[in-house]
Amino acid sequence: MTTLNPVAHHTAPRNRMLNVVRLQFLNRQTFLWVPALILGGSWALSMLIFWIVGGAGQTGVKAGGGAQAPLWYFLALGIQAMTMTFPFSQAMSLTRKEFYLGSLAAAAVSGLGMSVVFVLLGLLEQATGGYGFNAYFSYLEWVWMAGPLAAFLTYFALTMFFFVVGFWFATIFKRFGAVGLASSLLGTGAVLVAVVALVTFRQAWPAVAQWFMATGSLGLTLWGLALTTVLAIGSYLTLRRMPV
Amino acid sequence: MSAVIEVRDLTKSYKDAVALDGISFDIEQNAIYGLLGRNGAGKTTAMSILTAQNLPSSGQVKVFGENPYENPKVLSRMCFVRESQKYPDDATARHAFAAARLFFPNWDQGLADELIDDFQLPLKRTIKKLSRGQLSAVGVIIGLASRAEITFFDEPYLGLDAVARQTFYDRLLADYAEHPRTILLSSHLIDEVSNLIERVLLIDAGRIIMDQSAEDARAMATNVVGDAAAIDRAVGGREVIHRESLGRVASVTFLGHLDNAERSVLAAEGLELAPVSLQQLIVRLTQQRSAGAPHVAPAAPEGSLR
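If you're matching them up, the sequences are chains A and B in order.
Residue numbering for the first sequence is 0 to 243, as defined by numbering that gives the first Met the number 0.
Residue numbering for the second sequence is 0 to 305, as defined by numbering that gives the first Met the number 0.
No lab work stands behind these hints, which were simulated from the structure alone.
Nothing here was measured: the structure is a model prediction, and the numbers come from that model.
Check each hint, because a few of them may be wrong.
Capping the alpha-carbon separation at 30 Å, the derived lysine-lysine pairs in DSS-like fashion look like this [stated by the list, open to error]:
no.	chain 1	residue 1	chain 2	residue 2
1	A	K173	B	K14
2	A	K173	B	K127
3	B	K128	B	K85
4	B	K72	B	K85
5	B	K85	B	K123
6	B	K61	B	K85
7	B	K61	B	K72
8	A	K96	B	K127
9	A	K96	B	K72
10	A	K173	B	K85
11	B	K72	A	K173
Just the calculated beta-carbon pair ranges, DEER-fashion [unchecked claim]:
no.	chain 1	residue 1	chain 2	residue 2	range
12	B	R131	A	A225	43 to 53 Å
13	B	Q59	A	L197	41 to 51 Å
14	A	A35	B	K128	22 to 32 Å
15	B	K127	A	Q209	46 to 56 Å
16	A	G186	B	Q108	44 to 54 Å
17	A	A225	B	T125	35 to 45 Å
18	A	P242	B	K127	18 to 28 Å
19	A	A189	B	G58	35 to 45 Å
20	A	A35	B	K127	20 to 30 Å
21	B	R131	A	T127	52 to 62 Å
Virtual Cβ for every residue (Gly too), placed ideally from N, Cα, C.
Whenever a hint applies, use it, and build me the whole structure from the sequences.
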């Protein structure tokens, strides 16, 4: 009997992980159009608010938190990348590792795109003095302290952080159900409260504030990337032995 | 022939149930297997573990001589079409096939296109808006056109009408003849697939209760109709797996062969012999094993009712 291309099969195809990126982008709406819409929408709304505030006679620097919206969306993106595409990835005979690394890469593509738009907007705002009326969406002084590249890194780190958190919690939900998800959310909350309690009891808030100031946005970004890496590993370990 | 899958003492237990209870079997290369059994017998669990989509509690699974878990070298040579396969939300059938083309090295787009025609599958509608039958067609097309060296079909026909199912069987056989490969087909419609499958693996309550060629399986049992007393004399010590009687006339299904001398005795007594279909045999065998089974056989296997 003949076998099918016997030679071609004895090594694993190499570009499977890259193909996972293409697989994730099958959800074009999820990975492309919705984030673009949120970015455009929150920019337009912010500008509208700044214009109204400006019309009321406020001529100082106008900056808001509107830029957070598209970054938070990466939480949803992480959830959807996991829940929508994982079962199909298994039908495509992918390993969990290939699926996971490919999904991270897909998120990185989306996150890089988002960060580039942010930096370009920030540069524009810097050059035009906030579109000529001191309105800033992306150019937040503290974030841009160490220059556009550092700001780019901060935005990118935030997208990846949110993506990994969303992905991990979705994995926990899929594997351990609602009780597992609630427990881990409560557990995370408890840890945060414990940290707050510790700092409060030791009356260490001034020291904490000082550390934040001294570390600066770039330093915090690097810490954030380190934290994201730890979370990403935890997320992988949860996915690794998950049944479909 | 050589085994492409070797399973030894495979057990899968959940908190409150044992899905697979220490099963062992081999799957030979280039054959069509029927993985048969009732709902909840453990068919899907077994296929999920073989394709590393689920993990065993204990025991050993080897595919192409290696553990399939997280093994791209092994996984890329397999394709598992699930009855309840989920697809990405925005994906259309076209997207799903484009993805399959990326990941299955033997993907045949020409075959996929022909099958899309055969099943009249709309390509531009999102998969979540397809009918149950069209959804099944997406899985069937991926399973056939991927031409994976080992292909698993887990009840792939749900919602497909009789014509579409026949198309699937015909296409499967035709493509299998041209491109021999190993196929595991789980099905409730045993009569429909009985001409297709070369070997039968019957699984019941997490155990393998039959592992042999379809031909041998069909020859396992005989049905005899006639005078009850004469039948009892003729059947002798053979294991009776089913008996129906109306007055003095009985219909008895028993295991084992009859030699020519016995056949002529039966003929002289006016007893009629009839072959037992694979479906009947399997219904009787599984009924007999499940304690407290109803005496009346279900009119049809559940799969056909949906």
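Consistency of the hints with the structure:
no. : hint                         : verdict
1   : K173/A to K14/B              : holds (17 Å)
2   : K173/A to K127/B             : holds (20 Å)
3   : K128/B to K85/B              : holds (13 Å)
4   : K72/B to K85/B               : holds (24 Å)
5   : K85/B to K123/B              : holds (17 Å)
6   : K61/B to K85/B               : holds (26 Å)
7   : K61/B to K72/B               : holds (13 Å)
8   : K96/A to K127/B              : holds (27 Å)
9   : K96/A to K72/B               : holds (13 Å)
10  : K173/A to K85/B              : holds (14 Å)
11  : K72/B to K173/A              : holds (27 Å)
12  : R131/B to A225/A: 43 to 53 Å : holds (48 Å)
13  : Q59/B to L197/A: 41 to 51 Å  : holds (49 Å)
14  : A35/A to K128/B: 22 to 32 Å  : holds (24 Å)
15  : K127/B to Q209/A: 46 to 56 Å : holds (53 Å)
16  : G186/A to Q108/B: 44 to 54 Å : holds (49 Å)
17  : A225/A to T125/B: 35 to 45 Å : holds (40 Å)
18  : P242/A to K127/B: 18 to 28 Å : holds (23 Å)
19  : A189/A to G58/B: 35 to 45 Å  : holds (39 Å)
20  : A35/A to K127/B: 20 to 30 Å  : holds (23 Å)
21  : R131/B to T127/A: 52 to 62 Å : holds (57 Å)
Hint compliance for this structure: no hint is broken.
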